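Asks: Using the sequences and the hints, build the whole thing.
For the protein sequence lines, the chains are H, Z and Y, in the order given.
So the number in the numbering used here is just where the residue sits in the first sequence, counting from 1, plus 165.
So the number in the numbering used here is just where the residue sits in the second sequence, counting from 1, plus 165.
So the number in the numbering used here is just where the residue sits in the third sequence, counting from 1, plus 165.
It is worth saying that the hints were derived from the structure and are not from the lab.
Mixed in with the good hints, there may be bad ones.
[Stated by the list, open to error] Reference listing, derived: stretches of chain Y covered by chain Z, where coverage requires no fewer than 3 residues with Cβ under 8 Å from a Cβ of chain Z: (1) 166-173; (2) 194-206; (3) 230-243; (4) 259-266.
Please read these numbers as outputs of a predicted model, since none were measured by experiment.
The C-beta atom is built at its ideal place from N, Cα and C for all residues, glycine as well.
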Amino acid sequence: MRQALHTLEVRTSGKSLVPITRDVVAWTQAQAIASGLLTLWCRHTSASLTVQENADPAVQRDILAYFERLAPEGTEYSHDDEGPDDMPAHLRAMLTNVQLTIPVERGVPTLGTWQGIYIFEHRSNPHRREIVMHLLGE
Amino acid sequence: MRQALHTLEVRTSGKSLVPITRDVVAWTQAQAIASGLLTLWCRHTSASLTVQENADPAVQRDILAYFERLAPEGTEYSHDDEGPDDMPAHLRAMLTNVQLTIPVERGVPTLGTWQGIYIFEHRSNPHRREIVMHLLGE
Amino acid sequence: MRQALHTLEVRTSGKSLVPITRDVVAWTQAQAIASGLLTLWCRHTSASLTVQENADPAVQRDILAYFERLAPEGTEYSHDDEGPDDMPAHLRAMLTNVQLTIPVERGVPTLGTWQGIYIFEHRSNPHRREIVMHLLGE
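Replies: What follows is the structure, given as structure tokens:
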């Protein structure tokens, strides 16, 4: 049983779902661990991780529009000195996830056919995001 | 330290919380791993996993009614070619979880007294759902 | 590769975000495991775990106010015999998390600079909450 750890750095450019499935799968495969457990950790409180359909781009548009309604800007928040998109960003991060742990079989994460892994960027301005990847297995 | 991996297949019949605690605990116990880490991964984007009260069935009725309001059908979604329940299903899956990782002690997951594990089926039609179970420990 | 398991007990006094980062980090460091995986499991269905900004207290006020609106008391729930705050507590727990798994590097969880770990207490009355901490690594 052994471990591997790596930080994936991703540049985002405004509110969006940024696909990272390829990067995650490629790094996992490169570790040559046949069976194990892969953990992704998002080191931020205004961006998150989500697993969503990887086929129709309309799904992503609907998701973005939905979260604008669910945790809207323009509400009177006490915490507003980092801009109107900051507090909604924290709320949206809480409502989704900052962490995913996925079983690994035959060297790859056991994602379903339609599952893609995304960084969900909640801020309007460009950001550099760090996702810690940890793999344990043999 | 060793690992075990198994896919649990569950047939669902419409929007509901389908209890899987017994199946999960039984499989965990059968691996004879005293201490470890159990991970459940839902291989879908329109069904999810949740931990909720296992006692009063009214809790489940309230949960289903709440999510109908929180991510309603009938809103104009761009992605609607798989039916009016599909996009709300994606949103509800995002708002809950596709993964659970539970410490194992004395051969069983350390669930609290009132915690039950459920597949949260978000689609109206029957589906076959796959939950990957991964156990690591000794 | 070895494991450690411990239950953190925390007394809460009404709806609030109770910081547990220090307790979690201190316990992790005491295990002297340089690299590994830390899992926290909340053994309840009306309290949850969340990772949020640890700097401005206004963030926590906004979070509490937001969840009062998102899953409000006063709605007619079927399950109401444990008080008006009980069913909203279950819903708020579902919308956040009961579990966190964090990679460990150089003996500490790889939290980002602004990330704090909190028990999110959803009930109005004081409660004793149990968080199972599991650490695996070497």
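Asks: Each hint: holds or not?
Replies: Quick rundown of the hints versus the structure:
1. 166-173: holds (count 3)
2. 194-206: Satisfied; 3 residues make the cut.
3. 230-243: That given contact holds, which follows from 4 residues of the stretch 230-243 of chain Y lying within Cβ reach (below 8 Å) of chain Z.
4. 259-266: holds (count 6)
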